[in-house]
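Student: For reference, the chains in residue letters:
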Amino acid sequence: MARLSARDLTLQYEQRRVIEGLRTEIPEGKVTMIVGANGCGKSTLLRGLSRLLRPAAGAVTLDGKDIHSRPAKELARTLGLLPQQPTAPDGITVRDLVGRGRYPHQAFFRNWSHGDSSPHDLAVRNALDATATTELADRIVDELSGGQRQRVWIAMALAQETEVLLLDEPTTYLDLAHQVEVLDLVTDLNRRRGTTVAIVLHDLNLAARYADHVIAMKDGAVVAEGTGIDVITEELVRTVFGLESRVVPDPVSGTPLIVPIGRHHYPAPQATETTKPALEIAS
Amino acid sequence: MTSTTAASSGKRERTVTAPNGTETGPQLYVRAEVRARKGKQPAWLLAAVVVLAIACGASLAVGARAIPLETVWDALAHFDPADGNHAVVHARIPRTVLGLLAGGALGLAGAAMQGVARNPLADPGIMGVNAGAALAVVGGIYLFGITGLTGYIWFAFLGAAVAATVVYLLASTGRDGATPVKLALAGAALNAGLYSLMNVVLVSSQDTLDRFRFWQVGSVAGRDWSVILPGLPFLAAGALLVLCSGRVLNTLALGDDLARGLGQRVGLSRGIVALGVVLLCGSATALAGPIAFLGLVIPHAVRFFTGPDYRWILPFSLALAPALLLGADVVGRVALPPGEVPAGIMTAIIGAPVFVWLVRRGKGASL
Ligand SMILES: Nc1ncnc2c1ncn2[C@@H]1O[C@H](COP(=O)(O)OP(=O)(O)OP(=O)(O)O)[C@@H](O)[C@H]1O
Ligand SMILES: [Mg+2]
Numbered sequence: 001m002a003r004l005s006a007r008d009l010t011l012q013y014e015q016r017r018v019i020e021g022l023r024t025e026i027p028e029g030k031v032t033m034i035v036g037a038n039g040c041g042k043s044t045l046l047r048g049l050s051r052l053l054r055p056a057a058g059a060v061t062l063d064g065k066d067i068h069s070r071p072a073k074e075l076a077r078t079l080g081l082l083p084q085q086p087t088a089p090d091g092i093t094v095r096d097l098v099g100r101g102r103y104p105h106q107a108f109f110r111n112w113s114h115g116d117s118s119p120h121d122l123a124v125r126n127a128l129d130a131t132a133t134t135e136l137a138d139r140i141v142d143e144l145s146g147g148q149r150q151r152v153w154i155a156m157a158l159a160q161e162t163e164v165l166l167l168d169e170p171t172t173y174l175d176l177a178h179q180v181e182v183l184d185l186v187t188d189l190n191r192r193r194g195t196t197v198a199i200v201l202h203d204l205n206l207a208a209r210y211a212d213h214v215i216a217m218k219d220g221a222v223v224a225e226g227t228g229i230d231v232i233t234e235e236l237v238r239t240v241f242g243l244e245s246r247v248v249p250d251p252v253s254g255t256p257l258i259v260p261i262g263r264h265h266y267p268a269p270q271a272t273e274t275t276k277p278a279l280e281i282a283s
Numbered sequence: 001m002t003s004t005t006a007a008s009s010g011k012r013e014r015t016v017t018a019p020n021g022t023e024t025g026p027q028l029y030v031r032a033e034v035r036a037r038k039g040k041q042p043a044w045l046l047a048a049v050v051v052l053a054i055a056c057g058a059s060l061a062v063g064a065r066a067i068p069l070e071t072v073w074d075a076l077a078h079f080d081p082a083d084g085n086h087a088v089v090h091a092r093i094p095r096t097v098l099g100l101l102a103g104g105a106l107g108l109a110g111a112a113m114q115g116v117a118r119n120p121l122a123d124p125g126i127m128g129v130n131a132g133a134a135l136a137v138v139g140g141i142y143l144f145g146i147t148g149l150t151g152y153i154w155f156a157f158l159g160a161a162v163a164a165t166v167v168y169l170l171a172s173t174g175r176d177g178a179t180p181v182k183l184a185l186a187g188a189a190l191n192a193g194l195y196s197l198m199n200v201v202l203v204s205s206q207d208t209l210d211r212f213r214f215w216q217v218g219s220v221a222g223r224d225w226s227v228i229l230p231g232l233p234f235l236a237a238g239a240l241l242v243l244c245s246g247r248v249l250n251t252l253a254l255g256d257d258l259a260r261g262l263g264q265r266v267g268l269s270r271g272i273v274a275l276g277v278v279l280l281c282g283s284a285t286a287l288a289g290p291i292a293f294l295g296l297v298i299p300h301a302v303r304f305f306t307g308p309d310y311r312w313i314l315p316f317s318l319a320l321a322p323a324l325l326l327g328a329d330v331v332g333r334v335a336l337p338p339g340e341v342p343a344g345i346m347t348a349i350i351g352a353p354v355f356v357w358l359v360r361r362g363k364g365a366s367l
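Chains as they are written, first to last, in my numbering: chain A, 1 to 283; chain B, 1 to 367.
Isolated chain A (complex conformation) (with noise of 0.2 Å):
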């Protein structure tokens, strides 16, 4: 069952031919990744899932209807889009920008919303608090850190309140313990309201563990997608990204944690050499 599903896509800038015929589903209730080395085209395929780049063929829908017939602003409400890298207005505070997530849910000509209880307000509340930035609200985004900012966008896509959210890269700049906190808030948020999510994600472990459903690409064309154990594997890792590894199960979740070998590196399976203790694990 997918709410948001791709047909022959084809997807380009100008001339330049990025996704071809693609064909592929987010499915409904789920968090998907989509992972893929840089430049395959995923920030592309968000776009063009995202209405943000019309097809050069095929269709994207939702639920069943063509994104592009639909009214801007009702799909504003289901749909949601964090892109890979928004810039903020100079000298905005973050209160004032979560707020503007809120704009497909206000009439167009429409400027002031009034009383701390409205429910753009309380949206707005909530999106700070789930993002742990309330205690920021007053600040001025270009003074905070990377990873603060991070989560101030994603908590402008939270106050937007769709039911499908597609997140380009949301953990980057982001600390570990951050970019686990960002991945766990997004489950908490499939969990609880049963939102649609899909992120791209670079971070294969990260998306193998936090994943219903993975989706692979290469060269613009999806190579494999299923559940992260089942795509997840040493010879998917050396197809996409051209890399030998060793894939063992992460301790912590069971799913696919990968190990990466490098040149300067040898796998030995019988190795007992202190100093690469990384293969001790892997064998």
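Honestly, the hints are just simulated from the structure, not real lab data.
Some hints could be false.
[Unchecked claim] If the Cβ cut is set under 8 Å, some of the chain A residues that face chain B in the computed set are:
{"#": "1", "residue": "96"}
{"#": "2", "residue": "103"}
{"#": "3", "residue": "130"}
[What the hints assert, rightly or not] A few chain B positions that, by computed beta-carbon distances, are all more than 10 Å from chain A:
{"#": "4", "residue": "94"}
{"#": "5", "residue": "250"}
{"#": "6", "residue": "254"}
{"#": "7", "residue": "258"}
{"#": "8", "residue": "262"}
[Stated by the list, open to error] Simulated restraints, written as ranges between beta carbons of each label pair:
{"#": "9", "chain 1": "A", "residue 1": "250", "chain 2": "B", "residue 2": "174", "range": "25 to 31 Å"}
{"#": "10", "chain 1": "A", "residue 1": "85", "chain 2": "B", "residue 2": "339", "range": "51 to 57 Å"}
{"#": "11", "chain 1": "A", "residue 1": "126", "chain 2": "B", "residue 2": "236", "range": "57 to 63 Å"}
{"#": "12", "chain 1": "B", "residue 1": "236", "chain 2": "A", "residue 2": "68", "range": "48 to 54 Å"}
{"#": "13", "chain 1": "A", "residue 1": "184", "chain 2": "B", "residue 2": "54", "range": "30 to 36 Å"}
{"#": "14", "chain 1": "A", "residue 1": "85", "chain 2": "B", "residue 2": "73", "range": "39 to 45 Å"}
{"#": "15", "chain 1": "B", "residue 1": "267", "chain 2": "A", "residue 2": "126", "range": "28 to 34 Å"}
{"#": "16", "chain 1": "B", "residue 1": "267", "chain 2": "A", "residue 2": "223", "range": "21 to 27 Å"}
{"#": "17", "chain 1": "B", "residue 1": "304", "chain 2": "A", "residue 2": "71", "range": "51 to 57 Å"}
{"#": "18", "chain 1": "A", "residue 1": "68", "chain 2": "B", "residue 2": "240", "range": "28 to 34 Å"}
{"#": "19", "chain 1": "B", "residue 1": "356", "chain 2": "A", "residue 2": "250", "range": "55 to 61 Å"}
{"#": "20", "chain 1": "A", "residue 1": "17", "chain 2": "B", "residue 2": "267", "range": "56 to 62 Å"}
{"#": "21", "chain 1": "A", "residue 1": "253", "chain 2": "B", "residue 2": "265", "range": "38 to 44 Å"}
Just so you know, these numbers come straight off a predicted model, no measurement behind them.
Glycine residues also receive a C-beta, built at the ideal position from the N, C-alpha and C atoms.
Model the placement of chain B with the ligands on the given structure of chain A, informed by the hints.
Tutor: Positioned in the frame of chain A, the structure of chain B with the ligands alone reads:
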């Protein structure tokens, strides 16, 4: 030692190129102010209106013949045609009204253009819109012998609209669309081109030059009601369109992708606001000639009170731009007696350094 430097410079680089690509440089406003001003905008707006009222009073009172404020008030409240002072005050009313209208229009248009173009350097003067309007008026005078505002205004609209469209199309070529930098470059190039074309026409026709000179310098002097009235409906329509677009501009400020993701029809919104800008710039230019920098300086100055919220930037600009224009006109009247310096030149004297400062801040690419 070396490693410390390397580490700290590496860290700096990270903050500079930071996730959203905005730079952390000298900022336009003192940060503490931001928190202090929150929620106080209505009071500040009231203060802005008071400033505007003072500027109006000065515009009526100051000139070759200085008139005490009581007499100004008298002349407004119960006009006595026999009183010489009253007559002078009354003669200054159209000029003051014109300054109000043209100033308000250019302030609003400048703020809206900065929002539409997502470019802090956008200004109807710099982006070639006023130049387009001016060239069209000159063309109208030269080719069709147009005189008077009713004729000028249509040419001015046409010129403003064509210039705005051309700048936008020029800037839109290439893979990433109309970026702020490309818009500014296209605007500057077009601006220069239009002005030289205009000079070609003017040099080749003494008659056009004479009529044009009267109009061109960006002056609010020497115009009367017959010049002002025909412009009113267009000004009102443009102002209405732009003033209602505060939230739309706020969303556009997030960038096209996010704005679209939030359900904004980016092209349509830009078009609506641009139509408002063209109406405002066209009528203001037809009324008062090309006045540069007002639309650049004022929206930046008001951000000090408003922050980046266009719902406030627009009304503040509407109040303070005419105050500055009237102030410039008043100063121009007394600066070099017995002559007068046209208001357009005075605003340029104030505006040019601000423009240079904005460019040097190196924030030309983001807003
Ligand atoms: N606006 C654009 N105009 C032209 N080509 C583009 C544009 N954006 C991306 N491309 C190209 O499309 C291809 C796919 O880019 P895309 O941004 O989708 O990659 P990605 O998988 O998201 O990479 P990354 O992991 O680095 O974010 C790249 O070759 C890129 O150069
Ligand atoms: Mg990308």
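Student: Hint by hint, say whether it matches the structure.
Tutor: So, going through the hints one by one against the coordinates:
no.: 1; hint: 96; verdict: 7 Å, holds
no.: 2; hint: 103; verdict: 4 Å, holds
no.: 3; hint: 130; verdict: 19 Å, violated
no.: 4; hint: 94; verdict: 33 Å, holds
no.: 5; hint: 250; verdict: 6 Å, violated
no.: 6; hint: 254; verdict: 6 Å, violated
no.: 7; hint: 258; verdict: 5 Å, violated
no.: 8; hint: 262; verdict: 4 Å, violated
no.: 9; hint: 250/A / 174/B: 25 to 31 Å; verdict: 45 Å, violated
no.: 10; hint: 85/A / 339/B: 51 to 57 Å; verdict: 54 Å, holds
no.: 11; hint: 126/A / 236/B: 57 to 63 Å; verdict: 41 Å, violated
no.: 12; hint: 236/B / 68/A: 48 to 54 Å; verdict: 36 Å, violated
no.: 13; hint: 184/A / 54/B: 30 to 36 Å; verdict: 58 Å, violated
no.: 14; hint: 85/A / 73/B: 39 to 45 Å; verdict: 58 Å, violated
no.: 15; hint: 267/B / 126/A: 28 to 34 Å; verdict: 32 Å, holds
no.: 16; hint: 267/B / 223/A: 21 to 27 Å; verdict: 35 Å, violated
no.: 17; hint: 304/B / 71/A: 51 to 57 Å; verdict: 38 Å, violated
no.: 18; hint: 68/A / 240/B: 28 to 34 Å; verdict: 31 Å, holds
no.: 19; hint: 356/B / 250/A: 55 to 61 Å; verdict: 58 Å, holds
no.: 20; hint: 17/A / 267/B: 56 to 62 Å; verdict: 23 Å, violated
no.: 21; hint: 253/A / 265/B: 38 to 44 Å; verdict: 43 Å, holds
Hint check: violations occur at hints 3, 5, 6, 7, 8, 9, 11, 12, 13, 14, 16, 17, 20; the rest are consistent with the structure.
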